[in-house]
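Asker: Residue numbers (numbering that gives the first Met the number 0), protein chains in the order written: chain B, 0 to 392; chain G, 0 to 392.
Please note that the accuracy of each hint is not assured.
To be verified - In the BS3-like style, the derived pairs of lysine-lysine whose C-alpha atoms are separated by at most 30 angstroms in a straight line are:
| # | chain 1 | residue 1 | chain 2 | residue 2 |
| --- | --- | --- | --- | --- |
| 1 | B | 219 | G | 155 |
| 2 | B | 100 | G | 100 |
| 3 | B | 86 | G | 222 |
| 4 | B | 222 | G | 155 |
| 5 | G | 137 | G | 3 |
| 6 | B | 155 | B | 100 |
| 7 | B | 86 | G | 119 |
| 8 | G | 222 | B | 100 |
| 9 | G | 119 | G | 131 |
| 10 | B | 222 | G | 131 |
| 11 | G | 155 | G | 86 |
| 12 | B | 58 | B | 219 |
| 13 | B | 222 | B | 131 |
| 14 | G | 131 | B | 3 |
| 15 | G | 119 | G | 137 |
| 16 | G | 100 | B | 222 |
| 17 | G | 3 | B | 358 |
| 18 | G | 219 | B | 219 |
| 19 | G | 86 | G | 119 |
| 20 | G | 137 | B | 222 |
| 21 | G | 358 | B | 3 |
| 22 | G | 3 | B | 58 |
| 23 | G | 222 | B | 137 |
| 24 | B | 100 | G | 219 |
| 25 | B | 155 | B | 58 |
To be clear, the hints were calculated from the coordinates, so they are not data collected in a lab.
Protein chains: 2
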Amino acid sequence: MTVKSFVPPLRTLMGPGPSDVHPRILEAMGRPTIGHLDPAFVGMMDEMKAMLQYAFQTKNELTIPVSAPGSAGMETCFVNLIEPGDKVIVCQNGVFGGRMKENVERSGGVAVMVEDEWGKAVDPDKLEQALKENPDAKIVAFVHAETSTGVQSDAKTLCDIARNHDCLTIVDTVTSLGGTPVMVDEWGIDAVYSGTQKCLSCTPGLSPVSFSDRAVAAIKARKTRVQSWFLDLNLVMGYWGSGQAKRAYHHTAPINALYGLHEALVMLEEEGLENAWTRHQRNYQALRAGIEAMGLSFLVAEAQRLPQLNAVVVPEGVDEAAVRARLLDEFDLEIGAGLGALAGKVWRIGLMGHASNMKNVMYCLGALESILTDMSIPINGGAVTAAQKVALA
Amino acid sequence: MTVKSFVPPLRTLMGPGPSDVHPRILEAMGRPTIGHLDPAFVGMMDEMKAMLQYAFQTKNELTIPVSAPGSAGMETCFVNLIEPGDKVIVCQNGVFGGRMKENVERSGGVAVMVEDEWGKAVDPDKLEQALKENPDAKIVAFVHAETSTGVQSDAKTLCDIARNHDCLTIVDTVTSLGGTPVMVDEWGIDAVYSGTQKCLSCTPGLSPVSFSDRAVAAIKARKTRVQSWFLDLNLVMGYWGSGQAKRAYHHTAPINALYGLHEALVMLEEEGLENAWTRHQRNYQALRAGIEAMGLSFLVAEAQRLPQLNAVVVPEGVDEAAVRARLLDEFDLEIGAGLGALAGKVWRIGLMGHASNMKNVMYCLGALESILTDMSIPINGGAVTAAQKVALA
Chain B
0 MTVKSFVPPL RTLMGPGPSD VHPRILEAMG RPTIGHLDPA FVGMMDEMKA MLQYAFQTKN
60 ELTIPVSAPG SAGMETCFVN LIEPGDKVIV CQNGVFGGRM KENVERSGGV AVMVEDEWGK
120 AVDPDKLEQA LKENPDAKIV AFVHAETSTG VQSDAKTLCD IARNHDCLTI VDTVTSLGGT
180 PVMVDEWGID AVYSGTQKCL SCTPGLSPVS FSDRAVAAIK ARKTRVQSWF LDLNLVMGYW
240 GSGQAKRAYH HTAPINALYG LHEALVMLEE EGLENAWTRH QRNYQALRAG IEAMGLSFLV
300 AEAQRLPQLN AVVVPEGVDE AAVRARLLDE FDLEIGAGLG ALAGKVWRIG LMGHASNMKN
360 VMYCLGALES ILTDMSIPIN GGAVTAAQKV ALA
Chain G
0 MTVKSFVPPL RTLMGPGPSD VHPRILEAMG RPTIGHLDPA FVGMMDEMKA MLQYAFQTKN
60 ELTIPVSAPG SAGMETCFVN LIEPGDKVIV CQNGVFGGRM KENVERSGGV AVMVEDEWGK
120 AVDPDKLEQA LKENPDAKIV AFVHAETSTG VQSDAKTLCD IARNHDCLTI VDTVTSLGGT
180 PVMVDEWGID AVYSGTQKCL SCTPGLSPVS FSDRAVAAIK ARKTRVQSWF LDLNLVMGYW
240 GSGQAKRAYH HTAPINALYG LHEALVMLEE EGLENAWTRH QRNYQALRAG IEAMGLSFLV
300 AEAQRLPQLN AVVVPEGVDE AAVRARLLDE FDLEIGAGLG ALAGKVWRIG LMGHASNMKN
360 VMYCLGALES ILTDMSIPIN GGAVTAAQKV ALA
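Next up, chain B with everything else stripped away, as it sits in the complex (with noise of 0.2 angstroms):
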């Protein structure tokens, strides 16, 4: 065996995620590493937290970057406020609110699924509805931006509606955090969870997380302990320190990454969050002109759509998979495969971040118009042409 460096092939990155990676934040990740209780670190720390606290647009004390990935930033909302036997409403519309039915069963609470259709957003009256038939229930969880269909829910409805059955919620903002609002105080979101490689242009590998001061208190009142070492927030603020002086060693932070991240947000912040939101718009309204003048269509409803994932139906008769791997292999793009039951039926096209350039939407949509009449589908012309006039619009 004799391995040699990896020298990763350089992609444009227009999937799920991750998105393209700014070379400012791969820049910050390779600083020299120093040790995780160094008083420079704990000073950078510090700076992180305020800034996640803009991103995340709240006051909350706890609010951190998980060290690790979208999903254990999940499962720690799920394993430290859930306690055995606790009822928890899990509004599912895709992938992700499986998948956390998944986090309330193994925290041993009972999941009740109010379900809507895949490339829907989450019916308020059904969860108003739910609440009315449980009203021991004690959580409310839901997907803010589902990243297998492109959904985007009404976050504030939902919040107003669990608050009013005195439910504290868990709300999942992987994709959205940083391409469409998210307004965790305005909201009243109690426990919210994201991911770094979607719209902060950060590599993968953690979670930022906000909890409120109702959910705190929940957490420090638990009767049981949390079922994860790793994950449990008691330990965590130790380290991340909710006023405390000293920090105390809980688990050896990766430091690097955290580097990443923290260029990230220096970046969100010279942008502004709400030019950030604008961007991501743009360069999605340019795209879908693209996609139209194709005679290609979006499986979400406009009003619901997010402009940073866009699920297009796969036209009758074409494989899929095929046109996917052309587009890598001719053009180094990565779009994404739909997942679970709309596997086969979807392409989703990411405009995430630091991918949400007008660059990056006249390259894919004139790579897919060529693959795609290369390959005699039928389709329209004037993709590019189309995409730009709303660009220069």
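Using the hints, position chain G against chain B.
Answerer: Only chain G this time, still in chain B's reference frame:
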């Protein structure tokens, strides 16, 4: 709030980890991100598995890096192997044995503690006795290299005893892997975890693990679901591909962190495991000569001492934290404090991975000597010369 990019100070890391990261590894981490299902990435994953098998000296098919720090690697072993009510013998001789106990209990198991003094190796006779008294024990867990004390236990003997009593073994090699021999197959270890930020010279954030066929069979035959969705090896195996043709999406792997580990393993392969062990031993001998020349002593008896992590006894009446603070401020040199029962009583000087080199040995001895002298603490001189003599021998 206007936060600037974070530019870390340039430290020399000679604490208990993270240790100095080689520039080649930092450079690898900053390479362009690609997708976690990209064929190029999948090829890299296969190379990584083969190189981890080499590092662990095992043919175990299930040999992968967990996408989170060492603590999560520990938790992976415990939550996958323990079912509710299982009895686990935990040998504790430092901080990390205590963390194992936490993991056993939170996984629904019953921990039977076999305690040894901090700074002493695990006593095989005590384990034998505990197994005789607990014939229903299913698992034996111990720390091969206690990061909190710098003690090495006799893993082979402990595993032999466990196997004779028909128990599976879980072994912590966080600080030993790459620094001193870890022979997973020869010693018959069933589940082993490590970290990347110690003798592999990599950044923190990943945890290499390996499971014997016997352990995998036990995991597949579980009657209950693994309590953690994120760490459930039945699911993780689908992505890391134990014999499966197609990788199933589980979570988004921390791509760039894995670039770093890949490069670290390429470097280990280039140097050769035996040469790495010899280097760690040689530099320890030089450090030891210098420490003893100063008149300072080690916590651990020589035969049980880890060459890569040296617990040096703080002289009577010395404010050990003040010494560390000055080393950091004036020399940009990080050494570690004592943990738990040893807080205030020892310094932990790491010579791990890339940090195990003669330049660091000389630098650390010189810095320590000059600061202790400046603080009017009575020590002998000539530490650097003594070390150099050993190095040139």
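Asker: Which hint numbers doesn't this structure obey?
Answerer: Failing hints, ascending: 1, 4, 5, 7, 10, 14 and 18.
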